[in-house]
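J.: Spelled out from the first residue to the last, the chains are:
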Amino acid sequence: GQQVMQIPQYQHVQEGEDFTTYCNSSTTLSNIQWYKQRPGGHPVFLIQLVKSGEVKKQKRLTFQFGEAKKNSSLHITATQTTDVGTYFCAGPDSNYQLIWGAGTKLIIKP
Amino acid sequence: EAQVTQNPRYLITVTGKKLTVTCSQNMNHEYMSWYRQDPGLGLRQIYYSMNVEVTDKGDVPEGYKVSRKEKRNFPLILESPSPNQTSLYFCATRNLRTGDNQPQHFGDGTRLSIL
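The listed protein sequences correspond, in order, to chains A and B. Counted the way the numbering used here counts, the first sequence spans residues 1 to 110. Counted the way the numbering used here counts, the second sequence spans residues 111 to 225.
Please note that the accuracy of each hint is not assured.
[To be verified] Straight-line Cα separation of at most 30 angstroms, DSS-like style, residue types lysine-lysine; simulated pairs:
(1) K36/A <-> K181/B
(2) K181/B <-> K70/A
(3) K36/A <-> K167/B
(4) K175/B <-> K36/A
[Stated by the list, open to error] Covered, in the sense of this in silico footprint (three residues per stretch, anywhere, with C-beta under 8 angstroms from a C-beta of chain A), are these stretches of chain B:
(5) 173 to 182
(6) 212 to 221
[To be verified] Which chain A residues face chain B? A few, computed with CB under 8 angstroms, are given here:
(7) P39
(8) H42
(9) F88
(10) L98
(11) A102
Hint data in this document are derived by calculation from the structure and do not stem from the laboratory. Where a beta carbon is used, it is the ideal one built from N, C-alpha and C, also for glycine.
All chains, please: the whole structure from these sequences, using the hints.
T.: Have a look at this one:
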C-alpha cells in the first residue's frame with residue numbers, strides 16, 4: 001500500500017543550529033500537510049503544500065514540495081527551544097485519508 | 111472555542127474489560143477519525159466517519175469498533191482489550207464542506223494501558 005517515509009527519526013541540534021526533516025511518498029501526492037506535536041501534546045497543523053515545486057515560509061520554517069510531488073522537506077533556521085517537538089508529514093491516499101510519516105523528533109542539546 | 115474533547119485522558123485497565131473512549135467536537139465537522147500513535151510508527155488510522163451513520167475501516171481496525179449516531183460524537187469501543195492495544199489514541203476532525211484536503215484538528219489524546 002501507499003507509504004510515506006520520513007527521515008531522520010531523531011535529530012539532536014544545539015540551539016541556534018538548523019534542522020531539516022525529509023518526507024518521501026511511494027506515490028504522487030495531491031498535497032502534503034505538515035504537523036507539529038509538542039512533547040505531551042497533540043499534532044497541530046502547520047501548513048499544506050499543493051503545487052509542484054512549491055516553497056512556503058513561516059518565519060524561520062521553510063517548507064518545500066518536490067517537482068514530482070513525491071517528496072517534501074521542512075527546514076528550520078536557527079532553532080530555538082520553542083521548536084522542540086516531533087514534526088510529521090502526511091499525504092492523502094486515494095480515499096482522501098491521510099497517510100502519516102513516522103515523524104522526526106527535534107531535540108535541543110543542553 | 112473550537113474543541114475536540116476526548117475522555118478519559120488516561121486509563122489503566124485489564125485484558126478483556128470492555129472500555130469506551132469518547133470524542134466530542136463542537137465545530138460541526140462532518141469528518142471524524144481515530145488514530146493510534148506508537149513510537150516509531152507515527153499515526154495509524156483505526157476508523158473514520160464521513161458523516162452520521164457512515165463509518166469505514168482505516169489501516170488498523172482489528173479489535174476496535176466505532177459508532178456515529180450524532181454528528182458531534184464518535185466513540186471508540188474496545189470490546190475485549192488486549193495488551194497490544196496499549197497506545198496513545200487521538201481523535202481528529204475536519205471540515206468536509208470546504209474541500210477534501212482540509213487540515214485535521216486533534217483532541218488532547220487518551221493514553222491507554224492494558225495489563
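J.: Each of the hints needs a verdict: does it hold here or not?
T.: Hint-by-hint comparison with the structure:
no.: 1; hint: K36/A <-> K181/B; in the structure: 27 angstroms, holds
no.: 2; hint: K181/B <-> K70/A; in the structure: 34 angstroms, violated
no.: 3; hint: K36/A <-> K167/B; in the structure: 25 angstroms, holds
no.: 4; hint: K175/B <-> K36/A; in the structure: 28 angstroms, holds
no.: 5; hint: 173 to 182; in the structure: violated (count 0)
no.: 6; hint: 212 to 221; in the structure: holds (count 7)
no.: 7; hint: P39; in the structure: 12 angstroms, violated
no.: 8; hint: H42; in the structure: 4 angstroms, holds
no.: 9; hint: F88; in the structure: 6 angstroms, holds
no.: 10; hint: L98; in the structure: 7 angstroms, holds
no.: 11; hint: A102; in the structure: 4 angstroms, holds
This entry does not satisfy hints 2, 5 and 7, going by the numbered hints stated previously.
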